[in-house]
Amino acid sequence: DAGITQSPRYKITETGRQVTLMCHQTWSHSYMFWYRQDLGHGLRLIYYSAAADITDKGEVPDGYVVSRSKTENFPLTLESATRSQTSVYFCASSIAGPQETQYFGPGTRLLVL
Amino acid sequence: AQSVTQPDIHITVSEGASLELRCNYSYGATPYLFWYVQSPGQGLQLLLKYFSGDTLVQGIKGFEAEFKRSQSSFNLRKPSVHWSDAAEYFCAVGAQGRDDKIIFGKGTRLHILP
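From first to last, the protein sequence lines are chains F and D.
Start counting the first sequence at 94; every next residue gets the next number (our numbering).
Start counting the second sequence at 108; every next residue gets the next number (our numbering).
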């Protein structure tokens, strides 16, 4: 039982390339979230999803796209990566909303050159 | 809109000493309040949360936090820290009656002296 997993764990890409970060959870949690973590900013919400085919913007959505065709998967795509998107990305899930316990994945460390 | 402030970026305490990490929030009504911990190289884990009722909340790993409405605070405490408590701690606030998001503070990194 893996819980919540993210892949890849580390990624180096170049400016302008498209990058997709994967997130998979085995609990059938309704809610899933994408955060980015940067020094001096803590965690900031990029996008979240309340259920399959339902997504909404968070605090910093520009430059990112999400989809959720299946409950267990919530991929995050950087359509044209920029250096400012160098960060650590965390996926999380919860049973019934952000006010419930969020379970975090191990993170993806992304470097955009 | 809600917001949360963690005034201390770094805190250093000796092993066995008591700990208090500060968290102040801004929200017009009764908030949901959380403390999460992030060990090096890992994701976040919930320590405790406050929704309503008893203002002193017990969490995992021997941590507790007290909600003080008059001071808009939700400080995290532990009577005696262990070297394994070295981590980054995040306070977060959510709005009751809304299910869209919670706001995380910028975190406090805890260092433990042997």
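No lab work stands behind these hints, which were simulated from the structure alone.
Please note: incorrect hints may appear among the correct ones.
[Claimed, not checked] Restraint-style ranges between C-beta atoms, simulated for each label pair: (1) S110(D) / T106(F): 39 to 45 Å; (2) S160(F) / L220(D): 25 to 31 Å; (3) A144(F) / S121(D): 44 to 50 Å.
[Stated by the list, open to error] Residues of chain F placed beyond 10 Å of chain D at every Cβ, according to the derived structure: (4) T119; (5) G151; (6) R176.
[Stated by the list, open to error] Simulated pairs of lysine-lysine, DSBU-like, Cα-Cα distance not exceeding 30 Å: (7) K156(D) / K150(F); (8) K150(F) / K168(D); (9) K175(D) / K156(D); (10) K213(D) / K104(F); (11) K163(F) / K208(D); (12) K175(D) / K104(F); (13) K208(D) / K104(F); (14) K168(D) / K208(D); (15) K156(D) / K213(D); (16) K175(D) / K213(D); (17) K150(F) / K104(F); (18) K208(D) / K156(D); (19) K168(D) / K213(D); (20) K104(F) / K163(F); (21) K168(D) / K156(D); (22) K163(F) / K150(F); (23) K175(D) / K208(D).
For every residue, glycine included, the Cβ atom is placed at its ideal position computed from N, Cα and C.
Each hint tested on the structure:
{"no.": "1", "hint": "S110(D) / T106(F): 39 to 45 Å", "verdict": "33 Å, violated"}
{"no.": "2", "hint": "S160(F) / L220(D): 25 to 31 Å", "verdict": "47 Å, violated"}
{"no.": "3", "hint": "A144(F) / S121(D): 44 to 50 Å", "verdict": "48 Å, holds"}
{"no.": "4", "hint": "T119", "verdict": "15 Å, holds"}
{"no.": "5", "hint": "G151", "verdict": "6 Å, violated"}
{"no.": "6", "hint": "R176", "verdict": "22 Å, holds"}
{"no.": "7", "hint": "K156(D) / K150(F)", "verdict": "24 Å, holds"}
{"no.": "8", "hint": "K150(F) / K168(D)", "verdict": "34 Å, violated"}
{"no.": "9", "hint": "K175(D) / K156(D)", "verdict": "14 Å, holds"}
{"no.": "10", "hint": "K213(D) / K104(F)", "verdict": "24 Å, holds"}
{"no.": "11", "hint": "K163(F) / K208(D)", "verdict": "21 Å, holds"}
{"no.": "12", "hint": "K175(D) / K104(F)", "verdict": "43 Å, violated"}
{"no.": "13", "hint": "K208(D) / K104(F)", "verdict": "27 Å, holds"}
{"no.": "14", "hint": "K168(D) / K208(D)", "verdict": "26 Å, holds"}
{"no.": "15", "hint": "K156(D) / K213(D)", "verdict": "18 Å, holds"}
{"no.": "16", "hint": "K175(D) / K213(D)", "verdict": "20 Å, holds"}
{"no.": "17", "hint": "K150(F) / K104(F)", "verdict": "24 Å, holds"}
{"no.": "18", "hint": "K208(D) / K156(D)", "verdict": "15 Å, holds"}
{"no.": "19", "hint": "K168(D) / K213(D)", "verdict": "22 Å, holds"}
{"no.": "20", "hint": "K104(F) / K163(F)", "verdict": "24 Å, holds"}
{"no.": "21", "hint": "K168(D) / K156(D)", "verdict": "14 Å, holds"}
{"no.": "22", "hint": "K163(F) / K150(F)", "verdict": "18 Å, holds"}
{"no.": "23", "hint": "K175(D) / K208(D)", "verdict": "22 Å, holds"}
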